[in-house]
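Protein chains in written order, with my numbering: chain A, 1 to 196; chain B, 1 to 196.
Calculated from the structure, these hints are not laboratory results. From a predicted model like this one, the values you see are computed outputs, not experimental measurements. A portion of the hints provided could be inaccurate.
All copies of an identical chain are treated as equivalent in the list; a pair is satisfied when it fits inside any one copy or across any two copies.
[Unchecked claim] Each computed SDA-like pair below joins lysine to any residue, with the alpha-carbon atoms no more than 25 Å apart:
no., residue 1, residue 2
1, K72, L33
2, K55, Y153
3, K178, E111
4, K72, S22
5, K178, D94
6, K72, E106
7, K55, S150
8, K55, V102
There are 2 protein chains.
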Amino acid sequence: MMNQYCGTSRIAGCQFSLHPMSDQFVNIILSTLEEVDTSKVWMETDDISTCIRGKMVHVFDVVKAVFLHAAKTGEHVAMNGTFSIGCPGDSEADVYMDETDVPVNEEKMSEISQPAGCKFALYPMGTEDYMDKIYEQINLSNDRNVDVTSVHYATRLDGDVHDIFQALYESFDLVQQKVSHVTMTFSLSANSPTNR
Amino acid sequence: MMNQYCGTSRIAGCQFSLHPMSDQFVNIILSTLEEVDTSKVWMETDDISTCIRGKMVHVFDVVKAVFLHAAKTGEHVAMNGTFSIGCPGDSEADVYMDETDVPVNEEKMSEISQPAGCKFALYPMGTEDYMDKIYEQINLSNDRNVDVTSVHYATRLDGDVHDIFQALYESFDLVQQKVSHVTMTFSLSANSPTNR
Ligand SMILES: [Ca+2]
């Protein structure tokens, strides 16, 4: 369903923060940003979080690259954020919608293997049958190459970061094809001492 | 509005993660948890996040206390999470709804003064006029003792942690009185080197 507040733009975005649990957090964040190609997304960073916007494929590509390059330092790294699409009033970064669909970070990071845990929750907005859409998505998650567990207020995914992001992307994509305005929160954790 | 999926229970919850950007992150998290009284909420922690549930007043009390006691170490500390109320199927922690309304951490932390920045977003679920409810809330935020800025996908609050949490609580409370199922994401940051 569409509602009166949502335009036709399918620009996606993600507001996220990266948290290396290390005295070297500034260096890890800066060196991570150096390794990630952000040329296909609009980007703004402040002291709380980073916001990127553009085509869905590039938004997920950059978020995954930031997490992977930070996690490969071996430090305990967490990342939290919210993906969003169809948010009313969202047009400022429209110029980035002309980019091609090739994800620019994929080749460089494809060889990084990194286990992680992720909790995510999907919020289809402005629709009264939203729970059906969520449950439908959660069932489909079981077919993916990640361990899926239901936790309070969220779904937990465990596996390689590439597979986790594939599941996140497909879940988000499935719901945004049916609902104009969708948000998806996520919490990622890698190299936690709890799992060592 | 109510919808068919939401029950009458007004149990609230918060899924959050605390991120001290320090080699001492384990000690900071453990000592913080020792200082916070969690007796009035149901609580479960894993390697990604902590989930607490109970009366709204106690959920906010505990989340604020965790952030304040961690931030007073002086380390750069971030906290991310999602408050939720009226989530379908939410009943396991109902026993905690018998607690009195006195927030148990307030007295101990009332003397801690701590500046912070916070981005939050409200998601009223299952209602087609959700944007009206969000904008109504954002306007009211201007009356509170915090600096309010509109940012992409969120609202930013700057001020003392006590005032930030007061604004978060009131915003969430206002919307949950009108909408059965509401979630609210937040990202808090204190002692960022960017602000020193
Ligand atoms: Ca240290």
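Status of each hint after checking the structure:
no.: 1; hint: K72 with L33; verdict: within (13 Å within a copy, 29 Å between copies)
no.: 2; hint: K55 with Y153; verdict: between (28 Å within a copy, 16 Å between copies)
no.: 3; hint: K178 with E111; verdict: neither (34 Å within a copy, 49 Å between copies)
no.: 4; hint: K72 with S22; verdict: both (14 Å within a copy, 18 Å between copies)
no.: 5; hint: K178 with D94; verdict: within (22 Å within a copy, 34 Å between copies)
no.: 6; hint: K72 with E106; verdict: within (15 Å within a copy, 40 Å between copies)
no.: 7; hint: K55 with S150; verdict: between (29 Å within a copy, 23 Å between copies)
no.: 8; hint: K55 with V102; verdict: within (10 Å within a copy, 48 Å between copies)
The structure fails to meet hint 3 from the earlier list, while all remaining hints are met.
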